[in-house]
Amino acid sequence: DTGVSQNPRHKITKRGQNVTFRCDPISEHNRLYWYRQTLGQGPEFLTYFQNEAQLEKSRLLSDRFSAERPKGSFSTLEIQRTEQGDSAMYLCASSLRGETEAFFGQGTRLTVV
Amino acid sequence: GESVGLHLPTLSVQEGDNSIINCAYSNSASDYFIWYKQESGKGPQFIIDIRSNMDKRQGQRVTVLLNKTVKHLSLQIAATQPGDSAVYFCAEGDSWGKFQFGAGTQVVVTP
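Residue numbers (our numbering), protein chains in the order written: chain U, 1 to 113; chain A, 1001 to 1111.
By construction, these hints were calculated from the structure, which means they are not laboratory data.
Note that the structure is a prediction, hence the values are computed from the model and not measured.
Please note: incorrect hints may appear among the correct ones.
Stated by the list, open to error - Subject to a maximum C-alpha distance of 27 Å in a straight line, what follows is the list of computed DSS-like cross-link-like pairs (lysine-lysine):
1) A:Lys1098 with A:Lys1056
2) A:Lys1098 with U:Lys71
3) A:Lys1068 with A:Lys1042
4) A:Lys1042 with A:Lys1098
5) U:Lys57 with A:Lys1098
6) U:Lys57 with U:Lys11
7) U:Lys11 with A:Lys1068
8) A:Lys1042 with U:Lys14
9) A:Lys1098 with A:Lys1071
10) U:Lys71 with U:Lys57
11) U:Lys14 with U:Lys57
12) A:Lys1071 with A:Lys1056
13) U:Lys11 with U:Lys71
14) U:Lys57 with A:Lys1042
15) A:Lys1056 with A:Lys1068
Pulled out of the complex, with its shape left as it was, chain U reads as follows:
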């Protein structure tokens, strides 16, 4: 257990539905990252926060994706109008500013049917 918690662990949804994932980082970590990973591939960067500020969004993050970290603690990632291509593992990680070591959660596996 790395201390980063993600919920739910698994989500099956029908195409077109909206889904929301939650990440609880290590409490003192001010940086929080979202990544997406498909089978056999490395994680792909989606977005990251420093405290409550969203600093960067990947081009992979279409308008259907939105992430928030309202109080600089937990974060949510919402996908609207899900598509089959959204099926993947969504990983959250946190770190301290200036530290290279990021701690990953176990991920939320999304299956869009």
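Fit chain A to the given chain U structure using the hints.
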């Protein structure tokens, strides 16, 4: 665009032998390079990192080598154990802490 990649998709190693995992990168502006280990069903786990101004760094049973001339990164694992079986990713990072991962190498430790 810039990318990080691995030479070998699968590495089979006998228990007790040393393992070497290789990685090529193309973004010479990266500030540091990191190795992660991912076991089945888990998120990536940090192993070791190296700053771009270094060429070697050692940890517990692991050594990372950085050759900036040929843009090559390697991870050496000494006395490989069954618990080392996993997928290993190299990643490159910038000063903001954003990482770009390669595709991964599956390490299989055989008895």
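So, going through the hints one by one against the coordinates:
A distance of roughly 22 Å separates the Cα atoms of A:Lys1098 and A:Lys1056; the hinted pair therefore holds under the 27 Å criterion. The suggested pairing of A:Lys1098 with U:Lys71 holds, with an alpha-carbon distance near 21 Å, which does not exceed 27 Å. Taking the CA atoms of A:Lys1068 and A:Lys1042, the gap is about 31 Å. The hint is violated against a cut of 27 Å. Restraint check: the Cα-Cα separation between A:Lys1042 and A:Lys1098 comes to about 20 Å, which is no more than 27 Å; the hinted pair holds.
Restraint check for U:Lys57 and A:Lys1098: the C-alpha separation of about 11 Å stays at or below 27 Å, so the hint holds. For a cut-off of 27 Å, the pair hint linking U:Lys57 to U:Lys11 stands: about 23 Å separates their Cα positions. Proposed proximity of U:Lys11 and A:Lys1068 is contradicted: the alpha carbons are some 42 Å apart, above 27 Å. Of the pairs offered as hints, the one joining A:Lys1042 and U:Lys14 holds, with about 25 Å between alpha carbons and a cut-off of 27 Å not exceeded.
Using a Cα cut-off of 27 Å, the hinted pair A:Lys1098 and A:Lys1071 holds, with the two alpha carbons roughly 19 Å apart. Between U:Lys71 and U:Lys57 the CA atoms are separated by roughly 19 Å; this keeps the pair inside 27 Å, and the hint holds. A threshold of 27 Å between alpha carbons decides the hint, and for U:Lys14 with U:Lys57 the separation of about 26 Å falls inside it, so the pair holds. As the CA atoms of A:Lys1071 and A:Lys1056 are separated by approximately 14 Å, the hinted pair is consistent with the 27 Å bound.
Note on U:Lys11 and U:Lys71: the hinted pairing holds, with a Cα-Cα distance of about 25 Å set against a maximum of 27 Å. For the suggested pair U:Lys57 and A:Lys1042, the alpha carbons sit about 24 Å apart, so the restraint of at most 27 Å is met. Simply put, A:Lys1056 and A:Lys1068 have alpha-carbon atoms about 11 Å apart, close enough for the 27 Å limit, and the pair holds.
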